[in-house]
Structures are given as structure tokens and as C-alpha cells.
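In case you want the letters, here they are:
Protein chains: 2
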Amino acid sequence: MASIVAVVGATGAVGEEMVQVLHDRKFPLSKLVLLASERSAGKKIQTAFGEMEVELFSVEAAQACDFVLMAVSGDFSKEFSPQIIANGKTVVIDNSSAFRYDEDIPLVVPEVNPAAMRGKLLIANPNCTTAIAAMALWPLHQKFTLRKVIMSTYQAASGAGAAGMIELEAGTRKGLNNEPVVNEVFAHPLPFNVIPHIDAFQSNGYTKEEMKVVWETQKIFGSKDIACSCTCVRIPTKRAHSEAITIETVEDITAEQAMEVLRNAPGVEVVDNPAEKLYPMPMTATRKYDVEVGRIRPSLVFQPKGLDLFVCGDQLLRGAALNAVLIAEAKLAEA
Amino acid sequence: MASIVAVVGATGAVGEEMVQVLHDRKFPLSKLVLLASERSAGKKIQTAFGEMEVELFSVEAAQACDFVLMAVSGDFSKEFSPQIIANGKTVVIDNSSAFRYDEDIPLVVPEVNPAAMRGKLLIANPNCTTAIAAMALWPLHQKFTLRKVIMSTYQAASGAGAAGMIELEAGTRKGLNNEPVVNEVFAHPLPFNVIPHIDAFQSNGYTKEEMKVVWETQKIFGSKDIACSCTCVRIPTKRAHSEAITIETVEDITAEQAMEVLRNAPGVEVVDNPAEKLYPMPMTATRKYDVEVGRIRPSLVFQPKGLDLFVCGDQLLRGAALNAVLIAEAKLAEA
Chain A
1 MASIVAVVGA
11 TGAVGEEMVQ
21 VLHDRKFPLS
31 KLVLLASERS
41 AGKKIQTAFG
51 EMEVELFSVE
61 AAQACDFVLM
71 AVSGDFSKEF
81 SPQIIANGKT
91 VVIDNSSAFR
101 YDEDIPLVVP
111 EVNPAAMRGK
121 LLIANPNCTT
131 AIAAMALWPL
141 HQKFTLRKVI
151 MSTYQAASGA
161 GAAGMIELEA
171 GTRKGLNNEP
181 VVNEVFAHPL
191 PFNVIPHIDA
201 FQSNGYTKEE
211 MKVVWETQKI
221 FGSKDIACSC
231 TCVRIPTKRA
241 HSEAITIETV
251 EDITAEQAME
261 VLRNAPGVEV
271 VDNPAEKLYP
281 MPMTATRKYD
291 VEVGRIRPSL
301 VFQPKGLDLF
311 VCGDQLLRGA
321 ALNAVLIAEA
331 KLAEA
Chain B
1 MASIVAVVGA
11 TGAVGEEMVQ
21 VLHDRKFPLS
31 KLVLLASERS
41 AGKKIQTAFG
51 EMEVELFSVE
61 AAQACDFVLM
71 AVSGDFSKEF
81 SPQIIANGKT
91 VVIDNSSAFR
101 YDEDIPLVVP
111 EVNPAAMRGK
121 LLIANPNCTT
131 AIAAMALWPL
141 HQKFTLRKVI
151 MSTYQAASGA
161 GAAGMIELEA
171 GTRKGLNNEP
181 VVNEVFAHPL
191 PFNVIPHIDA
201 FQSNGYTKEE
211 MKVVWETQKI
221 FGSKDIACSC
231 TCVRIPTKRA
241 HSEAITIETV
251 EDITAEQAME
261 VLRNAPGVEV
271 VDNPAEKLYP
281 MPMTATRKYD
291 VEVGRIRPSL
301 VFQPKGLDLF
311 VCGDQLLRGA
321 ALNAVLIAEA
331 KLAEA
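As they're listed, the protein sequences go chains A and B. Heads up: the first sequence begins at 1 in the UniProt record's numbering, then just goes up one per residue. Heads up: the second sequence begins at 1 in the UniProt record's numbering, then just goes up one per residue.
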């Protein structure tokens with residue numbers, strides 16, 4: 001049951017991770033193809049599979065594959081993903097936001113709503129912040145039913161791609177030497193700063209990144225009844241997003257009950273031992289498949305029907321590449 | 001009406017700022033005395049008033065002053081502050097948490113509860129995180145009555161004193177060169193990391209820093225009816241704390257109404273123009289007296305009786321030195 005898989009946008013931060021995850025998870029490949037636009041085609045890049053040449057993307061090249069993992073812009077995906085699946089067999093897993101809000105397109109976290117993608121060829125991968133939160137929130141929702149979710153994020157520079165990470169590192173060097181820090185990727189200099197602005201502002205005062213969390217959580221969980229509000233903030237970390245989350249639940253909930261549920265949840269690692277200074281952190285969550293969940297305690301505002309928790313996950317893995325590969329694995333199992 | 005003022009702990013991060021603020025605000029001084037323990041006594045330090053020698057602290061030396069600004073440990077203050085005010089005239093303004101929760105000791109943000117300190121000689125300065133939030137929350141509370149406050153913080157390294165800032169800078173240099181990062185001030189390496197742990201853990205799962213926000217907000221606002229929950233997080237910034245705050249109010253509230261109220265609030269600068277990429281940030285709030293408030297928008301969870309906002313304030317100024325000097329100014333006016 002080995003498959004031909006293409007990664008489109010393999011030279012970007014997410015594409016690179018997709019190749020790595022395919023390798024590390026021993027995805028049953030008969031062939032791996034790296035595709036990109038003219039700008040990157042012909043480049044030779046180092047991958048976990050050795051040196052590979054990036055080939056020019058075409059619909060035909062993509063249609064020759066069983067799976068196409070799209071790590072490209074929304075505009076590119078919008079144009080080409082429907083053309084690729086028109087062959088009636090190639091599965092496209094799209095990491096952009098192009099199709100996430102289309103009613104007919106499933107938006108999937110495999111541990112949460114695998115049934116949504118049954119029989120579908122085009123599947124949307126959620127926003128990284130949403131996917132990370134979903135790992136902790138879904139098991140709690142199943143058991144205690146979420147009523148409200150209030151979230152503040154601590155998002156890493158690499159959420160804006162490899163260029164974001166480079167800008168942070170270069171800027172930090174300059175900042176340490178009291179030289180002026182240039183910003184092109186971010187709205188303001190990020191080193192030693194905090195920027196409460198990710199993606200475009202919407203008419204309701206929220207950014208698109210913030211609304212993605214609202215829209216996508218409701219869609220993935222299949223419930224418009226979860227009231228959700230979010231503040232998304234870029235901070236000077238390299239990788240892994242953190243999230244401070246307060247929930248109100250329909251059922252009574254204790255920290256011990258929540259911990260029990262989360263310990264048995266797939267894709268979750270409970271890291272919660274204050275006495276040993278153990279709690280989720282980018283330092284420990286980086287390059288980890290599981291999302292770290294800790295600081296689990298009764299909400300002082302909603303108790304006994306509420307909880308505060310802190311979550312940290314690698315946004316390039318759980319928030320992108322790993323989630324996409326897990327979708328492909330689930331589709332394989334379905335076939 | 002010029003006064004003799006002592007700063008105790010003048011060589012620390014907060015003490016240094018106190019001297020600067022006394023200078024910048026032209027506090028009517030007849031004499032400024034810098035006091036410290038044996039370790040620092042005799043040192044000559046550069047101040048806004050020129051080079052000054054630090055003198056050895058004694059109760060007698062402190063009692064010779066009209067105002068004593070304490071920027072020392074809680075233990076030190078606990079021992080000596082009551083002794084100093086025993087003369088019945090010297091006003092002690094204490095920046096530690098030693099007396100904040102004593103019923104008889106006023107805990108004061110001058111713009112919020114100046115009446116609480118009338119006739120009192122020992123006055124507690126609030127925790128920095130609380131003081132910054134109070135500037136935005138008090139005007140809203142007066143007009144719309146707060147019911148719930150849910151807060152996540154983004155706290156700078158210098159919140160742990162000058163040593164915290166030095167550890168962040170030195171560690172960042174090492175981190176950039178892929179050398180191991182040492183941590184002594186912080187529980188874990190802070191450079192490019194996030195640490196959801198400030199001050200000691202309490203039995204309810206919250207840290208003391210988080211509970212300070214709860215206890216102190218209720219005390220300063222004079223209302224036990226405000227339910228408050230907080231997640232305090234250290235991030236790799238140098239100075240100025242940011243706070244993502246969600247409130248539920250008793251009265252209906254709109255972003256426009258809140259903005260109008262905050263524009264007229266003392267000590268607040270509304271920085272809220274997304275189209276121009278203007279919102280509160282450490283980069284702009286550092287060394288500013290006013291607390292920046294922005295990202296003001298209806299809470300998607302509580303509307304029409306709720307708001308989300310983002311606040312950023314210099315914790316060494318509003319959260320410590322400035323607040324202490326403002327208390328002294330208010331006491332002067334009272335006399």
C-alpha cells in the first residue's frame with residue numbers, strides 16, 4: 001500500500017517539516033516528489049531522504065501522486081487544489097486557509113474529527129494555534145462540554161515562516177549591540193518586544209488569526225455553541241506556540257478530573273508538576289509531536305465549572321506538518 | 001514644603017528608578033538620602049542628581065526623613081518599616097509584598113484609591129502586574145462595574161530585577177551562538193523561551209504572582225465581588241509588562257464607550273489604531289509613565305457585557321517607582 005506523495009512548497013518552513021515527518025513516521029512511500037514554483041524548481045535540497053531535486057509544479061505532476069501535501073499560499077492552493085482533485089483520485093491536504101471555511105471541505109484534526117474526511121479528496125489542515133489548542137480542548141469537551149473558551153497566545157517567530165525566524169535572530173544580534181533593528185516580516189521589530197497583531201485586522205477589531213481560532217474550533221468540534229475569544233500575540237521565541245486558556249464547562253470539572261482525561265488523550269503530554277518546575281514551555285515542546293498541557297487548575301472565575309490551563313505545541317509539527325501527515329495516514333487506513 | 005526623602009535599596013532596579021522619577025517629576029526635595037545595607041553602603045553611584053554616596057541604613061537615619069521609599073525585600077521591610085513609622089511622622093512607602101494584605105495597611109494606586117492612605121504612615125505599593133492592569137480596569141469598573149477579569153501576562157525579565165535583565169541578555173548572546181544558556185535568576189533559561197511560573201506555587205495551583213493580581217485588585221478596588229483569574233508568564237523581553245485582559249461587566253459596554261472612558265482616564269494612553277499598526281507594545285511603553293491600552297474590542301464570549309483589551313506598562317515605573325512617588329506626592333498634598 002505504498003503511495004506516491006508530493007510536497008508542494010518543500011523549500012518553505014512547513015514543507016521542510018512535512019518531508020521530515022514523512023521520513024520519521026516511516027510513511028509508506030513508493031516515491032516522494034518535491035514540487036515548487038519556477039522560483040525554486042531545479043534547486044537541490046538536503047532532506048532526511050538525502051539530497052533531492054525540487055521539480056516544477058504542474059497539475060499533471062501532482063495528479064500523478066496519491067497524496068499532495070500543499071505548503072503554499074492560499075492563492076496558489078485556491079487555484080490548483082480543485083484542479084488536482086478533478087482526477088477523482090489524488091488526495092490534497094492543504095495547509096493554507098483557502099478552503100478551511102468552505103462548508104463542503106472538511107477541516108480536520110485526525111484525533112478530533114477523522115470522520116469528516118471520509119470519502120473526501122480535498123482536506124484542509126487547520127491553523128496552527130487552533131490545532132494545538134484542539135489537542136487539549138477536545139478531550140475536555142467530550143467529557144465536560146465546553147461552553148466558553150478564552151485564549152491568549154504566545155506565538156513564535158517561525159509561525160511567520162523561515163523568514164520570520166531569520167528576522168528574529170538577525171534582529172536580536174543587532175538589538176544586543178544597540179544597533180537599529182529592521183523589520184520586514186513583522187509589523188514591528190520583534191526582538192525583546194511583543195506584537196499583539198498577527199494576520200490582518202477584521203472589522204470587529206479582532207485579527208484574522210484570532211478569528212481563525214474561533215471559526216476553526218467551532219467547525220472542527222462541530223459546535224457553534226462554544227463561545228470563543230482569543231488574543232493572538234507574537235513574541236520573540238523561535239518555535240512552538242504557547243497558549244493560556246480559560247474554559248467554562250457545562251459540567252462540573254476539577255483539575256484532577258481534567259488531568260486524568262488529558263493523560264489518556266492521544267497527542268497530549270501532561271507536563272504539570274510545579275514542585276519539579278515542570279510545565280509546558282517552548283524549550284521542551286519544540287520538535288515534539290505531542291502537545292504539552294499543564295498549569296491545570298480550577299478557574300477562579302468559573303469554578304466549579306471551569307479550568308485554567310497552559311498549552312505549548314510545536315506549531316510546525318502539530319500545527320502543520322504532523323497534522324497533515326496524520327491526515328494522510330488516516331486516509332490510507334480508510335482506503 | 002520641601003521634604004527629606006530616603007530611598008532604601010537605591011542600587012537595585014526599582015530603587016534606581018525611584019531616584020530618577022523623583023528627579024524627573026521635580027519632587028520638592030530639601031534633601032535626598034540613599035540608604036542600603038552594609039553590602040552597598042559606601043558605594044558611590046551615578047544618579048540624575050549627580051554622583052551620590054550610599055549610606056548605611058539605620059532606623060534612626062530613616063526616621064530623620066519625611067518620606068522613606070522602600071525598594072527592598074519583604075523580610076527587610078517587615079522588620080524595619082514598623083520601627084520607622086513608630087516616630088509618628090515619617091511616611092514609609094513599601095514596594096515589597098510584606099504589608100499588602102494586612103487589613104490595616106492601605107494598598108494604593110493614587111489614581112484609584114487615594115482616600116485609603118489618608119492619615120496613614122505606612123503605605124503599600126502594589127505588585128507591578130496589578131498596578132498596570134488597574135490603570136485600565138479602574139475607569140472601566142467605575143462606569144460599567146467589573147464582574148469578571150481574566151488575565152494572561154507577558155512579563156519582562158527586569159521584573160526579576162536588574163539580575164534578570166542581565167541573565168536574559170547574557171543568555172541570549174549564548175543562545176544565538178548555540179552555547180548552553182545558564183539560568184540562576186529564572187527557573188529555566190529565558191532566552192527564546194516562555195516560563196509560566198513567576199514567584200512560588202500556591203496550594204490552589206496558582207502562583208503567588210497570579211494570586212497577587214487577584215488579592216490586590218480586589219483590595220485596591222474595594223470589591224470582593226470582582227472574580228479574577230490570572231496566568232502569569234515570563235517572556236524574553238527586557239522591560240514593560242503586557243497583559244491580555246478579558247472582562248465581563250454588569251452594564252452593557254461597547255468598544256467605543258470604553259475608549260471614550262479610557263481616553264479621559266489619568267495615567268492611561270489609548271494606543272488603538274490597527275490601521276496604523278498602533279497598539280500597546282513593550283517597545284513603545286518602556287520608560288513611559290502612562291500605561292498603554294489598546295486592542296479594545298467587544299468580547300466574543302461576554303458581549304454585550306464584556307470586552308477584550310491589551311495593556312502594556314513599564315513595570316519599573318507604573319508598577320513600582322512612579323506609583324511610589326505618586327503616593328508620596330499625594331501624601332504631600334494631604335499634609
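Treat each hint with caution, since some may be false.
A pair counts as met if it fits within one copy or between any two copies, since identical chains are not told apart.
[To be verified] Result set (SDA-like, lysine to any residue): computed pairs, CA atoms no more than 25 Å apart in a straight line:
1) Lys78 / Gln303
2) Lys277 / Ala335
3) Lys44 / Thr11
4) Lys120 / Val185
5) Lys277 / Gln63
6) Lys277 / Gly74
7) Lys238 / Asn183
8) Lys238 / Val185
9) Lys174 / Ile105
10) Lys43 / Ala200
11) Lys305 / Val214
12) Lys208 / Asn273
13) Lys143 / Glu55
Hints were generated in silico from the structure; no laboratory data involved. Predicted model only: the values in this text are computed from it and were never measured.
Here's how the hints hold up against the structure:
In this assembly of identical chains, the alpha carbons of Lys78 and Gln303 never lie at most 25 Å apart, being 44 Å within a copy and 34 Å across copies at closest. Taking the closest pair of Cα atoms, Lys277 and Ala335 never come within 25 Å of each other, the shortest separation being 45 Å inside a single copy and 48 Å across copies. In this homomeric assembly, Lys44 and Thr11 come within 25 Å of each other (Cα to Cα) only inside a single copy, at 10 Å, whereas the closest approach across copies is 57 Å. In this homomeric assembly, Lys120 and Val185 never come within 25 Å of each other (Cα to Cα): the closest approach is 35 Å inside a single copy and 53 Å across copies.
Proximity of Lys277 and Gln63 under a CA criterion of 25 Å is satisfied in neither setting, with 50 Å inside one chain copy and 42 Å between copies. For a Cα distance limit of 25 Å, the shortest separation of Lys277 from Gly74 across copies, 24 Å, qualifies, whereas the shortest one inside one copy, 41 Å, does not. Taking the closest pair of Cα atoms, Lys238 and Asn183 come within 25 Å of each other both inside a single copy (16 Å) and across two copies (19 Å). Taking the shortest alpha-carbon separations for Lys238 and Val185, both the intra-copy value of 14 Å and the inter-copy value of 22 Å come in at or below 25 Å.
Taking CA atoms no more than 25 Å apart as the test, Lys174 paired with Ile105 passes in neither setting, with 45 Å inside one copy and 46 Å between copies. Taking CA atoms no more than 25 Å apart as the test, Lys43 paired with Ala200 passes in neither setting, with 32 Å inside one copy and 53 Å between copies. Taking the shortest alpha-carbon separations for Lys305 and Val214, both the intra-copy value of 21 Å and the inter-copy value of 19 Å come in at or below 25 Å. Taking identical chains as interchangeable, the C-alpha atoms of Lys208 and Asn273 lie at most 25 Å apart only when they sit on different chains, with a minimum of 16 Å there against 35 Å within one chain.
Neither within a single protomer nor between protomers do Lys143 and Glu55 lie at most 25 Å apart by alpha-carbon distance, with minima of 47 Å and 63 Å respectively.
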